[in-house]
Amino acid sequence: MSSVNTEIEENINLPEAKVESPWKDAWRRLKKNKMAMIGLVIMVAVVIVAVFAPFIAPHDPFYSPVMEDGRTELSLIGPTWNYPFGTDRLGRDLFSRVVYGTRISLMVGIITQMIALSIGIPLGALAGYYGGWVDEIISYLINVFLAFPFILFAIAIMSVFQDPGIDKVFIALGIISWPGLARIVRGQVMALKEEEYIEAAKSLGANDARIIFLHVIPNCLAPIIVTVTLGVAGAILAEAGLSFLGLGAQPPTPSWGLMLSTGRAYLRSNPYMMWFPGLAIMITILGLNLFGDGLRDVLDPKMKD
Amino acid sequence: MSEKILEVNNLKTHFFINKGVVKAVDGVSFSINKGETLGIVGESGSGKSVTSSSVMRLIPTPPGKIVDGEILFKGENILNKSMDEFRKIRGNEIAMIFQEPMTSLNPVYTIGDQIAEAIQLHQGLDKKEALKKAVGMLEKVGIPAPEDRVHEHPHQLSGGMRQRVMIAMALSCNPELLIADEPTTALDVTIQAQILELMRELRDEFNTAIMLITHDLGVIAEVADKVAVMYGGRVVEQTDVKTLFKNPKHPYTAGLINSIPTLEGDSGRLEPIEGNVPDPFSFPEGCKFANRCPFATDECMTKEPQLEKAEKGHDVRCHRWENLDLKK
Chain P
12 MSSVNTEIEE NINLPEAKVE SPWKDAWRRL KKNKMAMIGL VIMVAVVIVA VFAPFIAPHD
72 PFYSPVMEDG RTELSLIGPT WNYPFGTDRL GRDLFSRVVY GTRISLMVGI ITQMIALSIG
132 IPLGALAGYY GGWVDEIISY LINVFLAFPF ILFAIAIMSV FQDPGIDKVF IALGIISWPG
192 LARIVRGQVM ALKEEEYIEA AKSLGANDAR IIFLHVIPNC LAPIIVTVTL GVAGAILAEA
252 GLSFLGLGAQ PPTPSWGLML STGRAYLRSN PYMMWFPGLA IMITILGLNL FGDGLRDVLD
312 PKMKD
Chain V
-10 MSEKILEVNN LKTHFFINKG VVKAVDGVSF SINKGETLGI VGESGSGKSV TSSSVMRLIP
50 TPPGKIVDGE ILFKGENILN KSMDEFRKIR GNEIAMIFQE PMTSLNPVYT IGDQIAEAIQ
110 LHQGLDKKEA LKKAVGMLEK VGIPAPEDRV HEHPHQLSGG MRQRVMIAMA LSCNPELLIA
170 DEPTTALDVT IQAQILELMR ELRDEFNTAI MLITHDLGVI AEVADKVAVM YGGRVVEQTD
230 VKTLFKNPKH PYTAGLINSI PTLEGDSGRL EPIEGNVPDP FSFPEGCKFA NRCPFATDEC
290 MTKEPQLEKA EKGHDVRCHR WENLDLKK
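Protein chains in written order, with my numbering: chain P, 12 to 316; chain V, -10 to 317.
Think of the hints as simulated: they come from the structure by calculation, not from any bench. These numbers were taken from a predicted model, which means no experiment stands behind them. Please note that a few of the clues may not be correct.
[As the list claims (entries may be wrong)] Derived list of chain V stretches under chain P, where covered just means 3 residues or more per stretch with a C-beta under 8 angstroms from a C-beta of chain P: (1) 72 to 86; (2) 89 to 99; (3) 102 to 111.
[Stated by the list, open to error] Below, in silico cross-link-like pairs of lysine-lysine (DSSO-like), each with a Cα-Cα straight-line distance of 30 angstroms or less: (4) LYS129(V) / LYS54(V); (5) LYS204(P) / LYS77(V); (6) LYS63(V) / LYS301(V); (7) LYS1(V) / LYS204(P); (8) LYS23(V) / LYS63(V); (9) LYS12(V) / LYS35(P); (10) LYS35(P) / LYS117(V); (11) LYS(-7)(V) / LYS298(V); (12) LYS54(V) / LYS204(P); (13) LYS77(V) / LYS8(V); (14) LYS117(V) / LYS54(V); (15) LYS204(P) / LYS116(V); (16) LYS129(V) / LYS63(V); (17) LYS235(V) / LYS301(V); (18) LYS8(V) / LYS204(P); (19) LYS77(V) / LYS129(V); (20) LYS301(V) / LYS204(P); (21) LYS54(V) / LYS292(V); (22) LYS12(V) / LYS292(V); (23) LYS23(V) / LYS204(P); (24) LYS122(V) / LYS204(P); (25) LYS121(V) / LYS35(P); (26) LYS12(V) / LYS204(P); (27) LYS54(V) / LYS1(V).
Even glycine gets a Cβ: it sits at the ideal position worked out from N, Cα and C.
Given only the sequences and the hints, what does the whole structure look like? Please build it.
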């Protein structure tokens, strides 16, 4: 056997230097994509703002001098050094509220996507792996869910709850977000289950659960990551929409959508009340979408250069 | 008489698809003894891969179904076992290596993880011990620097190395039967020779029985003890490897042997077998090989021959074997 070894040793050293792990390779190509990197910088900034909100916000976002001390001179002042985004009618600092609003928006994005993942991945994987009647039932369900317009469906679910609130928004948006994810996972699993390494895993004696969760799903992480990134953006927008309509976060929660809604009454006299929450939404969504698109370009094997 | 590890009796695996029934394997019987290598040869579409998948119970159902026959592994019919029971045998006592080393390893795991998985599944070792054993297996299959290689991903290895990893995986639980489905087809000739040498060494070391599926008679000549030649879902000739090459009795076997290039050949032309394997939906009524057979008679066209005993340990499925002299 030793002679065999020496022969093969010469063969193997060649390709080694060039090869890198697929994730490293993806990162290298992502770095070249300017738009994606802008998106990434925005996302990191948004996350930093959310995490360090108490240190960044100069005022308590809930403190209303009008209601508590009767100091009405602090209500509705335009942007100044002390109140960079101005104050609302209750005298609350809008900058601090926008900063804390980052937390609400990110929470909405992450929690709804977690709900969507925990429903969408198992259902999509079952449908794709087993096919047949299992697939028919799950696909039917997916199609029914996808048949409703997103925001109308969200309104319908929110109206079921007696008292709307941000926690109900998580549930409603989670319920609406899973079908898209499930459909993507289903397609991926269908393609991947025909791979030889899946047959090889079977031949080693692995059972179905092990094959689905340890062999198939790790191989479709790339499209899942892309979908979830774009899904976070969708959820943030939907929450803003619901809160704007009064069906989402309730006062005094510092939700961007809710702030837009309150600001609407002052659109002529104090337009800055809508500028800043609106800008915050726009920048966050822009960042997520730029990054998500970049990821898609990098992770989609068909788009490789 | 040594112990029979695997005995397949009258196996029929059919595929039920919209166009009709494909009788991919139709009444195949053979047996393998401990430490013995059985080669199964045939063209594409002869049913050899379906036979091996049937033994592993990897036939996609539907559309495939084992409609008849029994597969006795150490005397027990594995077709009667539940899937949960069979999973304890699969990968543990019967293991398989696949044709495509490039795609048979999961790209997201290191090769160590993948070898360790089989060990963990069947031997109840923890991850650390399993990995240690994986390093030992890699060393056995001749992978240099196994302590480093064990942490590498499949894309970092060449085809020959990956096939070694597959073999390490398959042998990690010391199976009594190894099914190798065209293990060298995707490799170039020098690597092929190394892999065959490796399989031979490991067979001698572990006394593993091997069922070797191939279309390459050269591979058969190198490693097999016994050979079953398949055509149209049936065994047409079955004997030990020496007799097969020296004294083939079935015209198909003779045709296969004649289509191998030799160094001494003076004609300069190969003699291919004319035509192709018939469409599985319209197998001829009589002998399935009759339409390509140079010796076919009217009887061959209408009546299917049975597998007959030509000599001791030499079975042939041909009406005319007694009248033909196919020796070279």
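The hints, checked one at a time:
no.: 1; hint: 72 to 86; result: holds (count 9)
no.: 2; hint: 89 to 99; result: holds (count 8)
no.: 3; hint: 102 to 111; result: holds (count 4)
no.: 4; hint: LYS129(V) / LYS54(V); result: 37 angstroms, violated
no.: 5; hint: LYS204(P) / LYS77(V); result: 21 angstroms, holds
no.: 6; hint: LYS63(V) / LYS301(V); result: 24 angstroms, holds
no.: 7; hint: LYS1(V) / LYS204(P); result: 25 angstroms, holds
no.: 8; hint: LYS23(V) / LYS63(V); result: 10 angstroms, holds
no.: 9; hint: LYS12(V) / LYS35(P); result: 48 angstroms, violated
no.: 10; hint: LYS35(P) / LYS117(V); result: 26 angstroms, holds
no.: 11; hint: LYS(-7)(V) / LYS298(V); result: 20 angstroms, holds
no.: 12; hint: LYS54(V) / LYS204(P); result: 19 angstroms, holds
no.: 13; hint: LYS77(V) / LYS8(V); result: 36 angstroms, violated
no.: 14; hint: LYS117(V) / LYS54(V); result: 40 angstroms, violated
no.: 15; hint: LYS204(P) / LYS116(V); result: 26 angstroms, holds
no.: 16; hint: LYS129(V) / LYS63(V); result: 27 angstroms, holds
no.: 17; hint: LYS235(V) / LYS301(V); result: 15 angstroms, holds
no.: 18; hint: LYS8(V) / LYS204(P); result: 24 angstroms, holds
no.: 19; hint: LYS77(V) / LYS129(V); result: 24 angstroms, holds
no.: 20; hint: LYS301(V) / LYS204(P); result: 45 angstroms, violated
no.: 21; hint: LYS54(V) / LYS292(V); result: 27 angstroms, holds
no.: 22; hint: LYS12(V) / LYS292(V); result: 18 angstroms, holds
no.: 23; hint: LYS23(V) / LYS204(P); result: 34 angstroms, violated
no.: 24; hint: LYS122(V) / LYS204(P); result: 28 angstroms, holds
no.: 25; hint: LYS121(V) / LYS35(P); result: 27 angstroms, holds
no.: 26; hint: LYS12(V) / LYS204(P); result: 25 angstroms, holds
no.: 27; hint: LYS54(V) / LYS1(V); result: 8 angstroms, holds
Going down the numbered hints, you'll see the structure goes against 4, 9, 13, 14, 20 and 23, while the others check out.
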